Amino acid sequence: MNNQDDGAENSLLEHNCAMREYSVGEILRERGVSRRDFLKFCSAMTAAMALPVTFAPKVAQALDEVKRPPLVWLEFQDCAGDTEALLRSANPTVGEIVLDILSVDYHETIMAAAGHQAEAALEKTITDYRGKYLCVVEGSIPMRDGGVYGCVGGKSHLYRARQVCGGALATIAVGTCASFGGIPAAVPNPTGAVGVKEAVPGATVINLPGCPVNADNLTATVVHYLVFGKIPALDGHGRPLFAYGKRIHDNCERRPHFDAGQYVEQWGDDGHRKGFCLYRMGCKGPATFHNCPTQRYNDKTSWPVGSGHGCAGCSEPAFWDTMGPLYKRLPNVPGFGIEHTADKIGIGLAAGAAAAFAVHGALNAIRRDKEPSDENREG
Amino acid sequence: MAKIVVDPITRIEGHLRIEAEITDGRITDAWSSSTMFRGIEKILKGRDPRDAWFWTQRFCGVCTTVHSIASIRAVEDALRIKIPPNAQLIRNIIIGIQNVQDHVIHFYHLHALDWVDVTSALKADPAKTQALAASLSDWPNNSATYFQSVQDKLKAFVASGRLGPFANAYWGHPAYKLPPEANLMATAHYLEALEWQKDVIRIHAILGSKNPHPQTFLVGGMSIPIDPDSQNALNADKLMEIKRLLKKAQDFVEKVYIPDLLAVASFYKDWAAIGGGVGNFLSYGEFPDAAGNQWLPQGAILGKDISKVLPVDQKKVAEYVDHSWFEYKNGPEKGLHPWDGESEASYSGPKPPYEYLDTDKKYSWVKAPRYDEKAMEVGPLARVLVAYASGHKEAKAAVDMVLNKLGVGPEALFSTLGRTGARGIDCLLVARQTPKWLDELIANIAKGDYRIHANEKWDPSEWPAEASGYGWHEAPRGALGHWIKIKDQKILNYQAVVPSTWNASPRDAKGQRGPYEAALIGTPVADPAKPLEILRTVHSFDPCLACAVHVVDATGNEVIKVTVS
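Chains as they are written, first to last, in full-length UniProt numbering: chain R, 1 to 379; chain S, 1 to 565.
Hints were generated in silico from the structure; no laboratory data involved. Every value quoted in this text rests on a predicted model; they were computed, and no experiment measured them. Misleading hints may appear alongside valid ones.
No more than 20 Å apart at the CA atoms, straight line, and that leaves these computed lysine to aspartate or glutamate pairs for EDC-like [as the list claims (entries may be wrong)]:
(1) S:K447 <-> R:D270
(2) R:K274 <-> S:D237
(3) S:K82 <-> R:D299
(4) S:K269 <-> S:D400
(5) S:K243 <-> R:D269
(6) S:K457 <-> R:D299
Negatives, chain S to chain R, calculated, CB over 10 Å [stated by the list, open to error]:
(7) M1
(8) H15
(9) T28
(10) D51
(11) W339
Output of the computed footprint for chain R on chain S, the stretches with three or more beta carbons under 8 Å from beta carbons of chain R [claimed, not checked]:
(12) 68-81
(13) 150-162
(14) 166-179
(15) 187-200
(16) 249-261
(17) 431-443
By construction, the Cβ of each residue, glycine as well, lies at the ideal position given by its N, Cα and C atoms.
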């Protein structure tokens, strides 16, 4: 836009006119993102989605063609940790996600508008793009006592969830609270908190649990949709296989120490300093499906085991009650160091997941990606 | 008189709603309400006290380390555990960079749009913007080409017709006073700060696996091992990376944040007389050295009297629920000390969807904490005032520098602008000090001290049958306290009195307003349909909960509907 006239500019801003559609590639070029950087991003996304490297050009081509889809981000019983995770995303950065790749039309923590004007922005998007917008939900939804434990703009979270998720193309539940109820749903669950799928059974929901979500997995899910035009293959808990198809324990850099029977026995001991296995200090890696060891956090800097602390199991449903206490050795894995026993847990989980996956798949009305399939699943 | 409601108050953490009465263009009364409840304190009962930090960390994902710190300190206090010097120093570095990163995000991404009109930046002359920036700082990115490229990006974004998070804001509001060049400079730094914050906070990932929600805290110390001869521990390579990032943090604060803050503030000096609030300030003090002496002092200031700093006694903290959706077993009249605190939810507000809360009765999920029965403001302003009034050398120099540059006296600190300025001062002090704790850590490691954890009381069989303790922390948003009672190795009671509970507090038994409510009184509102001024004062506290504001007619009958084009 070259017009410097005040009036024209303001009216442009106020009326959201000129609804010309741009492809992501076009928009990035306009923003001064080089072709090289764009391809680098595509390669990173290809890796995050656990696709072969040869897919990178296809990702680039697809992103070049798709338009900037509208996205609304709802916060319910949350701590904003998943929003903060988004702010830390490195490849692409939050600036690129929010301004270039998507049109983030509603997000309480970052949006400029407030009050009625903020709510109006939400209403406009879900009306104008009904069935076409993406929805991200952060935080659980309190069901008890008519939803009085969570309101925005005088409306209950449950009302908003049903209205917005119900009309979305797909809903991405980020973090363990939105996926499964999370910490508010821990015993005794004072507010009757549940995840999105339970509150809005008819909605198409992709769960990205983790406390918080790994922003790279969120981006990869969105890119998967932009590239393939459908949501990724999910496990029985609604989690994309590309990110939750393998157990922490299987990809852990300390796995050789587990197999060799070398354990940390005390914080700060020789084994702790040398990076031995944290199983005896309560690590829940053998029972947790998540790509933390390979994807890592904060521009791939580290992950919990990397800082000498065991995995808490935060991507598993009800982990707050079933995985704790934090420093207690995993129950039902009495023969630590015996690979077979630890694997049994994995087999049990994967078998349950497979059964649920079959039911879920049959019920799901929308198209589903069948790749990657078996070679990326455990069992 | 008209009553307005802002709900949701955006650009904060959580769910906050403000209802305010307006007479002759000024706020005459206000009510602050938090509209979300999770009940985590109740969920904690019966759990392992060593796990409490991991649970309470989830109170907040923005100030994501602060509850972990307060929690482990509370358990360590209860069990009389003294942590090794290295653990103390690592905690100080984690607290320090949390403070610096959080304040910068607040200024640019949560607060700036209350003062900066992004649309005006489109009209700026990039060469003049460069000249303005050069007069303030020698930051190397401040070139005319750089500002031109930001403006081009902005133009392309606007031309797409889809403004995303910038749609529907109060752009063009008469209360925006910055010239186009200052708006362009601030917008460019908004984007730059977005990149910067994700880099500098990698310190948390190096020391604690990830951010948000670093996983490295332990009752008794830290989980990150130290061993210069191991690739799985804190070694020279990682320490140098932290050093580099701390330098990057300090540079940005000194050369971008503080110059921008002073430049913006110079156009809004009228806000040094608005938003004063309750006038009582509380700081718990922070950054203990190996002997437990705090670098920033503890203290209370009453009635804006900075000639006296009073000592703080934890027994004087009590919470009231007269206007909060909770019930106490023995009735609401008497406030409860946190050790005896109760969190029994009892909602009596309107059934959603609703237009207004019944502000004469109970109207918030936030309790009303009081210190010696007084409402207290906490946060960077309280922290800086207590340090300044205590004669803290660096604090005094930084405060005087800011006051001199703006040509105002100390009384200007008691305001919306003072609160926003004090946050910058706090950030500057901590950004300069944190590298010193890293140097101390390195020196300690060089002496061969690799200890990071006190193991003696890790096993619960070493604990007394009953114990109680409290842990205090000066979080970015202010005085934070966790109180714990332990019985038979389990949590018997757990209460957290957090900064935004102090600041967002509703009225108490005596009808005393909380700090947001008090600060809003007298705030001018040019257009009740676009209450930008409410956002300025509320955001100056950096709220850590989500809320909303709308407007009602004088008679209480007619709601002024805000029309949106």
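Exercise. Quick check: which numbered hints come out false for this structure?
Worked result: Per hint list: 3, 5, 6, 8, 10, 12, 16 and 17 violated.
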